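What follows is the residue order along each chain.
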Amino acid sequence: MFGRRSSFPGGIRLDMPDRVAADAVVRQMPFAPLLRLPLRQHAGPAAEAVVRAGEEVLRGQLLAQATDETAVPLHSPATGRVLRITEQPDGSGGTVNVIELAPLPGDTQEQTGGRAFDPDRHDADELLEAIRETGIVGLGGERGPTHLRLRRARKRAAEVLVINGIEGEPGFSRVPALLARHGADVVTGARFLGKVLGSRQSVLAVEKPDAAAASTMMAELENRNPPALAVLEPRYPQGAAELLLRSLSGRPMEGVSAFAPERAVVFSLATVAEVGRLLKHGLTLTDQLITLTGDGLREPGNYRVPLGTPVGFALAHAGAHPELDRVLAGGPMRGQAMGDLERPVTKGATGFVAFAAGDSAQLPEALACIRCGECVAACPLQLHPAELGLLARRGEIQTMITDWHLERCFECGCCAYVCPSHIPLVQMFRSAKAQWRRSQAVADKEAMA
Amino acid sequence: MSGALAAALALALLAFVLTSGLLLAGRFLHVEEDKRLEKLVSLLPGTNCGACGQPGCRAFAQALLKGEEVPAACSVSSAQARQRVADFLGVAVGQAERRVARLACAGDRNTSRFLANYQGEPSCAAATVIDDGGKACAWGCLGLGDCERSCDYDAIAMSPLGLPVVDEDKCTACGDCVRACPKDLFRIVPEQQPLWVACNNPLEGNQLLETCKVACTACERCVRDAPEWLAMEHNLPVPIEGAGGMPPRSAIDRCPTGAIVWIENGKSRLGASARVPITLRGPRETA
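Line order of the protein sequences matches chains A and B. Numbering-wise (this note's numbering), the first sequence opens with residue 1 and increments by one. Numbering-wise (this note's numbering), the second sequence opens with residue 1001 and increments by one.
The hints are simulated quantities; they were obtained by calculation from the structure and are not laboratory data. Heads up, a few of these hints could be off.
[What the hints assert, rightly or not] Quick partial rundown of chain B residues pointing at chain A, CB under 10 Å, derived from the structure:
1. Glu1068
2. Leu1115
3. Tyr1118
4. Gln1119
5. Gly1133
6. Gly1134
7. Lys1135
8. Ala1136
9. Cys1137
10. Ala1138
11. Arg1179
12. Glu1204
13. Gly1205
Keep in mind the model is a prediction, meaning the values are calculated, not measured. For glycine and all other residues, C-beta sits at the position ideal for the given N, C-alpha and C.
Okay, chain A solo, but in the shape it has when bound:
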């Protein structure tokens, strides 16, 4: 009589085209003449350079070491010469050291493998350290060091490893590419992570458009004990870990007994695949699988891009229109407009959207809120975006935080997407959060004085 209760409230159903064969293709991006490598590409304190200007480095060689337990090292994406190490703005008012590297032209750029690992022969602590040594962070866009997430999950005895194969953004095609090209790595990665966590259960969650690719992968790897498969109705923003767990809870999954969200830990498909690929061959994280898309590109698609590649170079290689109007770092829903195309591709980048000049050039004018409630219905966290928007207009940031839980908002963009008055709600929230952090910092400073 009653259907299964909807997994999480709100969200939106986006019109997504069916997957095509081209979505599974990954092309290799050539090396840009200059790679820029900020020493903080993870959430946490910056790494410390161990190379000097003028030094020649090999692809995969350690460039900067982690300064403490919460940081990860950085490795050279190319064989080449370190030109200089300079201080540059870090995008949040401070500065960060940046290594500028010129890849050696004509070099084979082969990465010699280091110590290979095996989930059956190495113990959990060895593997945890090995994962950290690869320099890997959450590759679904979250950028938190993977070893930290593993350590926290181990502490709370997480039993189920959830592999997040939900495409985070409309128009992106990282999931079909990873499933088609890195299926074996995903299975290996899941075994490495499972060994560290001490859990035997894993589940791969994908949305309907990717169900066929996932089944094919499972069938091919049947003899290698692949994770259970959960196919979900597509709905944005199901890729957010918290919401994904809510979608999964209460549904039967083969090989997973009694799934409970609080006993699960989520890793993105890209992270799991990279852990598998890197550890198996003793490699380090030197490139990033990203989607380049948008009407400003002649050859949109998936690219494996060396870290430090300027975004402008990557777009040009994908056939960028000479006069791009706007480039978003990230996807169309959560991406942010870029102010400088010289910024490098860093760890955790998921993709870029390039718009040619044209219709998209005109931002619709924001009209007054008519209190239709569309945003309230769309918010997956059941916040009240309309009220928050009105408070933001009046500058009542304190009230937004204390009474309306602004800090819970993870800026999925559903509210702004459905708003018939085109109110830039997400931007207002981002700015309010930034102002709040600033006022807190000032208050802390005054309290210290």
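Please arrange chain B on chain A, whose structure you already have, making use of the hints.
Positioned in the frame of chain A, the structure of chain B alone reads:
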């Protein structure tokens, strides 16, 4: 005895006890309040701006009555108003260093490069979170006027080239602009302090000039010319607090970019070697 009578007596007794309690409390717990306080509060501006350092006008009035503050410390009120307060209290107006807000950036649209054209919410706070606002200098003024809107005294106006200009006569040093600017570019400084570095870029070197022609490149010439008044901090010269006497005017003369200026009587002047014009306030005059 009927119930009604008992009730009436009980109430009467209760009323008597409570009344005497109140009377006694009024007699023994009496706090002597200065009769002048209310009048004094009415003489103050009543904006509770906090520029005097007290939490509000009433707290300032109490401090005045105790003799802890002088009337001149209220930088917001006019000279006549301060005189009225002083007359009312029978004290001298006193001396308080007049302070004003100054902007640590001179990168307007002529001198500083923008990489992208920001089109979102017209506010600096909103622009800052989008890739630093698209200005080549991540620390520079975005020119969208959050400070102008925050100023209750009409002391800030945006110049046609997109920099806020502070009218130092109207500025009351209340600090609203300091809080409004997401790039932390405003400082409250003594009006009499003549040396001012109009740059907030913590990097050094001549390559900065590619982003902004009036950036401080941290060459330190001014610090060497006025070592008692200036010190380097985060690649920027900072006036030393409490340095007595007048710094030499020549301190600004060797500045290659004009990032350091000499402000006197509200007019800013550039050093002799500065090649690029900058406007802090009013018409430019080259020394």
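To see whether the hints hold, each was checked on the structure:
A least Cβ separation of about 20 Å between Glu1068 (chain B) and chain A goes past the 10 Å threshold, and the interface hint is therefore violated. Interface restraint check for Leu1115 (chain B): the shortest CB-CB distance to chain A comes to about 5 Å, inside 10 Å, so the restraint holds. Here the hint on Tyr1118 (chain B) is kept, as its CB sits about 8 Å from the closest CB of chain A, short of 10 Å. Taken as an interface hint, Gln1119 (chain B) checks out: its beta carbon lies about 5 Å from the nearest beta carbon of chain A, inside 10 Å.
The restraint placing Gly1133 (chain B) at the interface with chain A holds, with a minimum CB-CB distance near 7 Å, inside the 10 Å limit. The restraint placing Gly1134 (chain B) at the interface with chain A holds, with a minimum CB-CB distance near 4 Å, inside the 10 Å limit. Taken as an interface hint, Lys1135 (chain B) checks out: its beta carbon lies about 8 Å from the nearest beta carbon of chain A, inside 10 Å. For Ala1136 (chain B), the interface hint holds, since its Cβ comes within 10 Å of a Cβ in chain A; the closest pair sits about 8 Å apart.
Nearest Cβ of chain A to the Cβ of Cys1137 (chain B): about 8 Å, under the 10 Å cut. The hint holds. For Ala1138 (chain B), the interface hint holds, the least distance from its beta-carbon to any beta-carbon of chain A being 3 Å, beneath 10 Å. Taken as an interface hint, Arg1179 (chain B) checks out: its beta carbon lies about 7 Å from the nearest beta carbon of chain A, inside 10 Å. At its closest, the beta carbon of Glu1204 (chain B) sits 8 Å from a beta carbon of chain A; the interface hint therefore holds under the 10 Å criterion.
The interface hint given for Gly1205 (chain B) holds, since its Cβ lies 9 Å from the closest Cβ of chain A, which is under the 10 Å cut-off.
Hint compliance for this structure: hint 1 is the single one not met.
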